[in-house]
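The listed protein sequences derive, respectively, from chains A and B.
For the first sequence, the residue numbers in numbering that gives the first Met the number 0 are 0 to 158.
For the second sequence, the residue numbers in numbering that gives the first Met the number 0 are 0 to 158.
Note that these hints are calculated values from the structure, not bench results.
Hints are not guaranteed to be accurate.
Since the list gives no way to pick one copy over another, a pair counts as held whenever it fits inside one copy or between any two copies.
The calculated DSS-like cross-link candidates involving lysine-lysine, where the alpha carbons are at most 30 angstroms apart (straight line), are [what the hints assert, rightly or not]: (1) K152 - K130; (2) K152 - K34; (3) K129 - K155; (4) K6 - K150; (5) K6 - K18.
There are 2 protein chains.
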Amino acid sequence: MIGAREKRFMQHAIALSRKGMESGDGGPFGAVVVKGDEIIGEGWNQVLATTDPTAHAEVVAIRQACERLGAFQLTGCEIYTSCEPCPMCLGAIYWARPQRVYYANTKEDAAAIDFDDSFIYKELEVPHTKKKIPLIPMPDQEALAVFREWKEKGDKTLY
Amino acid sequence: MIGAREKRFMQHAIALSRKGMESGDGGPFGAVVVKGDEIIGEGWNQVLATTDPTAHAEVVAIRQACERLGAFQLTGCEIYTSCEPCPMCLGAIYWARPQRVYYANTKEDAAAIDFDDSFIYKELEVPHTKKKIPLIPMPDQEALAVFREWKEKGDKTLY
């Protein structure tokens with residue numbers, strides 16, 4: 000399953016991780032989205048350059064690939080990332096629905112250079128109100144009414 | 000903890016959820032970022048309008064607030080969202096580090112209108128290679144070398 004083709008795309012993702020780090024854009028992370036034998040999206044961490052905490056390599060690459068395809072899903076595509084995705088990027092991957100993801104460094108490797116997203120994975124399992132960033136429920140009739148209207152909406156695009 | 004102030008901000012988030020739905024931008028989700036008594040970021044789901052699977056209400060609001068602050072963290076801020084965050088948005092929230100999050104509808108309410116992110120929460124617990132979108136390890140010496148260089152980099156900004 001892993002051959003010269005896959006290694007070539009991964010080396011591209013790793014080259015982006017180095018480029019982003021050297022230019023000071025953010026942490027040492029790179030990713031590419033591949034469709035067939037073509038790279039249709041590439042990204043590197045730009046959290047510092049854009050002061051955007053969501054500008055992780057995978058998110059940037061997914062956004063670019065979707066923009067190029069004019070589609071909000073990456074059906075049949077592959078993602079190559081230089082490091083195991085954090086929970087945010089994993090969530091983005093699920094919404095984008097590529098076929099598979101290849102990763103080089105692990106989250107333990109990331110923790111060893113002080114990018115500790117294993118902390119976030121642990122926090123996901125703690126009850127909402129006990130989280131370090133507490134999530135506080137505020138049930139609301141109007142919010143539910145909007146949901147009901149969506150359900151009954153005739154002309155909606157399902158996704 | 001929940002008073003007229005909090006209810007006012009939540010109603011604003013809910014109004015955005017309705018506005019986004021009615022304009023066909025995406026699903027019925029809205030969010031605001033609040034600092035003190037000021038809304039510094041607002042978002043609604045724009046997945047369809049922008050063909051961007053990462054354009055969830057919370058992500059849009061966080062990006063806008065960070066751009067306005069010129070900072071990649073939302074220290075001391077609150078987020079009000081019309082629905083319990085999905086794993087991607089929860090990850091984005093952890094990276095942005097607001098003080099707390101208030102939510103109206105639950106993920107069960109979302110599942111009832113066919114936005115089933117509870118599926119993603121379950122997938123997070125499945126081993127990578129067994130996931131519906133498999134995550135395939137490709138350990139690589141060059142990827143580790145980039146991590147080592149980051150660790151030894153003298154002029155980096157830590158975050």
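Check your understanding: What hint numbers does the structure not satisfy?
Key -> 1, 2, 3
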